[in-house]
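Start from chain A and add chain B according to the hints.
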Amino acid sequence: MTVTDLVSYEDALASYDPVMGLEVHVELGTKTKMFCGCSTELKQDANSQTCPVCLGLPGALPVVNEIGVESAIKIGLALNCEIAEWCRFARKNYFYPDMPKNFQTSQYDEPIAFDGYLDVQLEDGEIFRVQIERAHMEEDTGKSTHVGGATGRIHGASHSLLDYNRAGIPLIEIVTRPIEGAGARAPEVAKAYVAELRELIKALGVSDARMEMGQMRCDVNLSLRPHGREAFGTRSETKNVNSLRSVERAARFEIQRHAAVLSSGGTIVQETRHFHEEDGSTTAGRIKDNAEDYRYFPEPDLVPVAPSRDWVEELRKGLPELPRLRRARLKEEWGVTEHDMQSILNAGAVDLIVATTEAGAPSDQARKWWMGELARNANETGRGLDELPITPAQVARVAALVAAGDLNDKLARQVIEGVLAGEGDPDTVVEKRGLKVVSDEGALSTAVDEAIAGNAAIADKIRGGKVAAAGALVGAVMKATRGQADAARVRELILEKLGAEG
Amino acid sequence: MTDNSTIIKLTAAEIAGKIASGELTAVEVTEAHLARIDAVDEKVHAFLHIDREGALAQARAVDAKREAGEKLGPLAGVPLALKDIFTTKDMPTTVGSKILEGWVPPYDATLTQKLRAADVVILGKTNMDEFAMGSSTENSAYGPTGNPWDLTRIPGGSGGGSSAALASYEAPLAIGTDTGGSIRQPAAVTGTVGVKPTYGGVSRYGMVAFSSSLDQGGPCARTVLDAALLHEAIAGHDPLDSTSIDAPVPPVVEAARNGSVQGMRVGVVKQFRGEGYQAGVVQRFDESVELLKSLGATIVELDCPSFDLALSAYYLIAPSECSSNLARFDAMRYGLRVGDDGTKSAEDVTALTREAGFGDEVKRRIILGTYALSSGYYDAYYGSAQKVRTLITQDFEKAFEQVDVIVSPTTPTTAFPIGERADDPMAMYLADLCTIPTNLAGNSAMSLPCGLAPEDGLPVGLQIIAPAMKDDRLYKVGAAVEAAFVEKWGHPLLEEAPSL
Numbered sequence: 018m019t020v021t022d023l024v025s026y027e028d029a030l031a032s033y034d035p036v037m038g039l040e041v042h043v044e045l046g047t048k049t050k051m052f053c054g055c056s057t058e059l060k061q062d063a064n065s066q067t068c069p070v071c072l073g074l075p076g077a078l079p080v081v082n083e084i085g086v087e088s089a090i091k092i093g094l095a096l097n098c099e100i101a102e103w104c105r106f107a108r109k110n111y112f113y114p115d116m117p118k119n120f121q122t123s124q125y126d127e128p129i130a131f132d133g134y135l136d137v138q139l140e141d142g143e144i145f146r147v148q149i150e151r152a153h154m155e156e157d158t159g160k161s162t163h164v165g166g167a168t169g170r171i172h173g174a175s176h177s178l179l180d181y182n183r184a185g186i187p188l189i190e191i192v193t194r195p196i197e198g199a200g201a202r203a204p205e206v207a208k209a210y211v212a213e214l215r216e217l218i219k220a221l222g223v224s225d226a227r228m229e230m231g232q233m234r235c236d237v238n239l240s241l242r243p244h245g246r247e248a249f250g251t252r253s254e255t256k257n258v259n260s261l262r263s264v265e266r267a268a269r270f271e272i273q274r275h276a277a278v279l280s281s282g283g284t285i286v287q288e289t290r291h292f293h294e295e296d297g298s299t300t301a302g303r304i305k306d307n308a309e310d311y312r313y314f315p316e317p318d319l320v321p322v323a324p325s326r327d328w329v330e331e332l333r334k335g336l337p338e339l340p341r342l343r344r345a346r347l348k349e350e351w352g353v354t355e356h357d358m359q360s361i362l363n364a365g366a367v368d369l370i371v372a373t374t375e376a377g378a379p380s381d382q383a384r385k386w387w388m389g390e391l392a393r394n395a396n397e398t399g400r401g402l403d404e405l406p407i408t409p410a411q412v413a414r415v416a417a418l419v420a421a422g423d424l425n426d427k428l429a430r431q432v433i434e435g436v437l438a439g440e441g442d443p444d445t446v447v448e449k450r451g452l453k454v455v456s457d458e459g460a461l462s463t464a465v466d467e468a469i470a471g472n473a474a475i476a477d478k479i480r481g482g483k484v485a486a487a488g489a490l491v492g493a494v495m496k497a498t499r500g501q502a503d504a505a506r507v508r509e510l511i512l513e514k515l516g517a518e519g
Numbered sequence: 098m099t100d101n102s103t104i105i106k107l108t109a110a111e112i113a114g115k116i117a118s119g120e121l122t123a124v125e126v127t128e129a130h131l132a133r134i135d136a137v138d139e140k141v142h143a144f145l146h147i148d149r150e151g152a153l154a155q156a157r158a159v160d161a162k163r164e165a166g167e168k169l170g171p172l173a174g175v176p177l178a179l180k181d182i183f184t185t186k187d188m189p190t191t192v193g194s195k196i197l198e199g200w201v202p203p204y205d206a207t208l209t210q211k212l213r214a215a216d217v218v219i220l221g222k223t224n225m226d227e228f229a230m231g232s233s234t235e236n237s238a239y240g241p242t243g244n245p246w247d248l249t250r251i252p253g254g255s256g257g258g259s260s261a262a263l264a265s266y267e268a269p270l271a272i273g274t275d276t277g278g279s280i281r282q283p284a285a286v287t288g289t290v291g292v293k294p295t296y297g298g299v300s301r302y303g304m305v306a307f308s309s310s311l312d313q314g315g316p317c318a319r320t321v322l323d324a325a326l327l328h329e330a331i332a333g334h335d336p337l338d339s340t341s342i343d344a345p346v347p348p349v350v351e352a353a354r355n356g357s358v359q360g361m362r363v364g365v366v367k368q369f370r371g372e373g374y375q376a377g378v379v380q381r382f383d384e385s386v387e388l389l390k391s392l393g394a395t396i397v398e399l400d401c402p403s404f405d406l407a408l409s410a411y412y413l414i415a416p417s418e419c420s421s422n423l424a425r426f427d428a429m430r431y432g433l434r435v436g437d438d439g440t441k442s443a444e445d446v447t448a449l450t451r452e453a454g455f456g457d458e459v460k461r462r463i464i465l466g467t468y469a470l471s472s473g474y475y476d477a478y479y480g481s482a483q484k485v486r487t488l489i490t491q492d493f494e495k496a497f498e499q500v501d502v503i504v505s506p507t508t509p510t511t512a513f514p515i516g517e518r519a520d521d522p523m524a525m526y527l528a529d530l531c532t533i534p535t536n537l538a539g540n541s542a543m544s545l546p547c548g549l550a551p552e553d554g555l556p557v558g559l560q561i562i563a564p565a566m567k568d569d570r571l572y573k574v575g576a577a578v579e580a581a582f583v584e585k586w587g588h589p590l591l592e593e594a595p596s597l
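Heads up: the sequence lines are chains A and B, in that order.
Here the first sequence is numbered in this note's numbering, starting from 18 and rising by one per residue.
Here the second sequence is numbered in this note's numbering, starting from 98 and rising by one per residue.
This is chain A alone, in the form it adopts within the complex (with noise of 0.2 Å):
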């Protein structure tokens, strides 16, 4: 392998415009697969969810699953495209171990859905339309392990493992038309689209959308042309990958290399490229030359796919609203910036902080929780947000011990740690733990009565006018109570018995 020298991404711009073409697979949450009634669940063991169908065997057919194009339909109308009114599907014939029948159910020239587009916010508020050609529904491959090589990849390998359970998961695959005109943008649009496709295929109920699982993944295409030229360059397509941050590294990486290789008189070859988490490169797969011939043909073991109108109006009406939308809504009644919803949206807290003011919390107490005490947890953790071990009720109710006065903030975020430690609920933390304020003003006013004898020359200070000496006085009963009083009605009764006025 040959290390690329780079052009710096500010020459690149300089010199050629970048066009992108996205291509992201979504795994759909059916319960099903596709073609089989399997069970889709993920992490089970290996070819224990198979049968005759998604390990095609001799004899067996499929089936269409209802669900499946449901889900398709309504991913199509949430881009804005067209529905078909009849549409197949075809065989995708190649050989491959993975793949049972050696050959892939998908579509072809009759997708589903096409014909449509897709906002989305850059970080600057701006609003950019990507074109979308097509969505269309097809089957996953199986998984291959192979064991043995250097590089995990086939090449080296001693033999290889195969495990079916991903055979028939259902795939939608959607493709953009070629994004032009977003210039030195191009990364900032492609890592935006994938995040606000996946917070749409979310909204829809239709798949988790989890990049990290693999229910989500983004091929990149991008090719470079002079600025001032209409026809597009040759294209690298840059596979799997998995993450918004790497779609945004792998599109600025091709868009340099490609300008390298440009700019010092060479020649882009179309083929396949893997993308490197590690350092943000992209190194060589397959060539793609034009030779790959697939020799589709429409599907003859299944039905053509005709959707009614009154089937596709009726998914219409039922879209719920649009995520960008929502957001902009959202900011509006939670008063934050741009900035901070973008902050929130990339921590994944969006509909957390929704399900805890719908749990009874104020959205600021709600936001304060999930993007402080409970983003940093998650952060040490390597958790997602939805993955920590609290719900947004209990969320809510440490907010709500908090606005009764029953907790200060120190004692919250230890109820919080509490919960997340799987101590029980924010109420049995408090009770197991002793956490509650004192509030009991007799126990209170010793505790002030011993600080003020204790620090006689602080309470002489404060009864000669200097109220900020205060402050020492309110840390002494709050060290003594563990933290558990309420400081500012400490700061009112220290000011009280040594007549001073706060």
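Because the hints were derived from the structure by calculation, they are not lab data.
Computed from a prediction, not measured in an experiment: that's the story for all the values here.
Please note that the accuracy of each hint is not assured.
Simulated crosslink set (DSBU-like; lysine-lysine; CA at most 30 Å straight-line) [to be verified]:
{"id": "1", "chain 1": "B", "residue 1": "Lys-195", "chain 2": "A", "residue 2": "Lys-109"}
{"id": "2", "chain 1": "B", "residue 1": "Lys-441", "chain 2": "A", "residue 2": "Lys-256"}
{"id": "3", "chain 1": "B", "residue 1": "Lys-195", "chain 2": "A", "residue 2": "Lys-160"}
{"id": "4", "chain 1": "B", "residue 1": "Lys-115", "chain 2": "A", "residue 2": "Lys-109"}
{"id": "5", "chain 1": "A", "residue 1": "Lys-305", "chain 2": "B", "residue 2": "Lys-195"}
{"id": "6", "chain 1": "B", "residue 1": "Lys-186", "chain 2": "A", "residue 2": "Lys-160"}
{"id": "7", "chain 1": "B", "residue 1": "Lys-441", "chain 2": "A", "residue 2": "Lys-305"}
Relative to chain A, chain B alone:
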């Protein structure tokens, strides 16, 4: 007590009646047929696998049911020979190919399940051209089958094992599959009855695919009524086969019991005669048309010009689909595996296995189909063939505006000698000249005996073609023709076959 030589000549309807009445037990019937297989199958080679124990167990279960006073179905206890293309959990399923030698599927085909549910006794699996590609059964990887009329001649194909089992009295019922004529042409050359139901009439789930848009399983028997009884048992909608038709099964048994052509309009297609048709075949066909007239039918001459293109279209569509359907035989999951010595790549093992496991005709069609689907050739070949298919369907539609059924010879010649066409694929393909248009259009057709060709004394088949989902018309006409011929001959045609 009925002796074995009498039992094996009974029809399925008669056997079922005698078992139901207690005159015969299912075990007696099964044993008689197993004994016949023991006696003649070494010569005929109709079977690839005989399931003696399974058959007797099923027969005993039927007898136990009867003793317990349970109601028996119309085919309970009747033995059947199953083409080795339907999956069976308890028997190997080879499709006549080395590539699946010894493969025992983990599941039963829908048709297999229906036979079991009807208490039919499955004797075993019958020989066939590899992957149903052929018209002589010579393409079987397990050796040819002899025609019981003359063991040096072919029994038709691909379902030659099933037709030979019927004609040699090894079984009163058999199952075939018909992609281009593989039920009807074997029936014609063995003097038996075979029906290709409407496409979608019988589930294809568990039937190893050759050409998915053409393949259709169906009944084979020695009489029209027996075929109808079997048709009814195996037909009907199957949620596991998207292409199976969700509508009531046409009333085939009722039609077979009420044969008549009185007042019917019967079409004779101009394109189904001429060069390549044996004189004796044409003679018996013309006599059949006269017979239909005498029975009260009106004969209508039809012109179906696109039928001349059917064979060409078929040999693009069927190989194209087969090239894709047979891709799964890659040595990775089941069946033959050649060259896996730890040093070769998966691709090499796949290539070596396919080289060793597929016969010449299968390879020929895979190569043809791969080529026809290639980019740059798709429109000229596969695309044009699909257009021809539409034209043929339209010709049938127009024809059926004028007539109720169409008749033709089933195949242009009588059974040819084994080996005669083995090295001449084009000559072999011509055997399906009259049967292929029906597969391309998806409608239904039957072949039944209409006499012996004077020049060679071998059976000639009459084909009856009906519109889709009007399969009952085949039986109504077939039963009338059969009754008239048996009356004329004084006995069923098969009586004239030499004893084995």
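Here is what the structure says about each hint:
A hinted pair counts as satisfied when its Cα atoms are at most 30 Å apart, and Lys-195 (chain B) with Lys-109 (chain A) qualifies at roughly 27 Å. At roughly 28 Å between alpha-carbon atoms, Lys-441 (chain B) and Lys-256 (chain A) fall within 30 Å of each other, so this suggested pair holds. With a CA separation close to 29 Å, the supplied pair Lys-195 (chain B) and Lys-160 (chain A) stays within the 30 Å bound. Distance restraint check for Lys-115 (chain B) and Lys-109 (chain A): the Cα-Cα separation of roughly 54 Å exceeds the 30 Å cut-off, and the hinted pair is therefore not satisfied.
Simply put, Lys-305 (chain A) and Lys-195 (chain B) have alpha-carbon atoms about 36 Å apart, too far for the 30 Å limit, and the pair is violated. As the CA atoms of Lys-186 (chain B) and Lys-160 (chain A) are separated by approximately 28 Å, the hinted pair is consistent with the 30 Å bound. With a C-alpha separation of about 25 Å, the suggested pairing of Lys-441 (chain B) with Lys-305 (chain A) holds against the 30 Å cut-off.
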